[in-house]
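Colleague: Two chains, two frames, a set of hints: combine them into the complex.
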Amino acid sequence: GAVVSQHPSWVICKSGTSVKIECRSLDFQATTMFWYRQFPKQSLMLMATSNEGSKATYEQGVEKDKFLINHASLTLSTLTVTSAHPEDSSFYICSAKGLAGDHEQYFGPGTRLTVT
Amino acid sequence: GQNIDQPTEMTATEGAIVQINCTYQTSGFNGLFWYQQHAGEAPTFLSYNVLDGLEEKGRFSSFLSRSKGYSYLLLKELQMKDSASYLCAVRDGDYKLSFGAGTTVTVRA
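Protein chains in written order, with my numbering: chain A, 0 to 115; chain B, 16 to 124.
Chain B extracted, bound-state conformation (with noise of 0.2 Å):
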């Protein structure tokens, strides 16, 4: 199965920026997403690592690290609209996805 661990919410100012963690234990790896959710929405996919190191995509980053286990989303030049939970989502070989319980980001003028 997998384990996969992120905070639970995060606050932060208009124009900074702000890093989210995911943790996650698998019994099979085939990568890992971010999703960004508002309320009552379905997930829309924000990034995609497979091999280690940085993905940047404008505004946001996604970094992986295999061998820890670790992955992060920085989120840059923050914006109201940003405002939303934030899933990180780990992929096994059956192309199944298993999700994080999300992080709420709070974005204050």
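Only chain A is shown next, with the shape it has when bound in the complex (with noise of 0.2 Å):
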């Protein structure tokens, strides 16, 4: 079956910095790529769709000059958290589309951020 990585799994940062998160496809090549984010005892928020080599969409409310992300291949996505503040901290999760005639979204594993 498809499987999505994500790295890191966690980090911790202190309030200010930036954190940069990994989505990659391991065998498969995804168009599009998805980015969630979860805060406890809540679903998963879209935050952006991802498509490869053009600008990502974001879903409304979220800014996107502090949720930079990039889909430069495709089997990768990033997403940049800059200027990180303790509110921002939460569980990222990346997803990618699967091929043409597969309805499935592949979910990664998550990244925990806690800013600090």
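Just so you know, these hints were derived from the structure itself, not from any lab. There's no promise every hint is true.
Within a straight-line C-alpha distance of at most 16 Å, the following computed EDC-like cross-link-like pairs (lysine to aspartate or glutamate) qualify [claimed, not checked]:
#1 B:Lys111 with A:Glu58
#2 B:Lys111 with A:Asp101
#3 A:Lys40 with B:Glu24
#4 A:Lys40 with B:Glu56
#5 B:Lys111 with A:Asp64
Modeller: Here you go:
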């Protein structure tokens, strides 16, 4: 089956610093990847849709200058949280859309970000 | 936009059956998904419905009625490991998923 990895699995950073999270599709090419955020005991909220070779599309209320998304290749998308603050502490999950005709989205294992 | 409702919590006994309902109101519909999520982990895919009717997959079944904006996930022969959060998600025409808040199922011995 399709496998999506995320790195790092958890990270602690100081307020004001930036953190980069990588999302990789290991055994398939993903033209579209999605980034979600999940606060404790809440559901997943879509942050942005990332398409290879083009600018990401952000959901309403998500600051594109704070959450920088790059999808430079068919197997890699990155999310950079710039000038992180404690309220950015959350569980960040990426998913990759499968090949044409495949209805699934394949989720990565998630990255736990804690900003101190 | 999407409005997706599901119960917050359910409790059942090991070996029993539990049905988790999900109702939705959407601006576009391209399939309904059910995911299982254990605490601190990413969701794992359980089922997918795009046409009306029942989809059975081992101990799990999912039903969809598009005209009623309604789905349910049926968990049979409950096991302790089924204790988790179950997420109902609706996909739109752009393949974006909107998730419900999740139903926490607790299985008791």
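Colleague: Please go over all the hints and tell whether each is borne out by the structure.
Modeller: Here is how each hint holds up against the structure:
1. Of the supplied pair hints, the one linking Lys111 (chain B) and Glu58 (chain A) holds, its CA atoms being roughly 11 Å apart against a limit of 16 Å.
2. Among the hinted pairs, Lys111 (chain B) with Asp101 (chain A) is consistent with the structure: their alpha-carbon atoms are about 14 Å apart, no more than 16 Å.
3. Between Lys40 (chain A) and Glu24 (chain B) the alpha-carbon distance is near 12 Å, which keeps this suggested pair within the 16 Å criterion.
4. Distance check on the hinted pair: Lys40 (chain A) and Glu56 (chain B) sit about 12 Å apart at the alpha-carbon level, within 16 Å; holds.
5. Our distance criterion of 16 Å between C-alpha atoms is broken by Lys111 (chain B) and Asp64 (chain A), whose separation comes to about 22 Å.
When the structure is compared with the earlier hints, a violation turns up for hint 5 alone.
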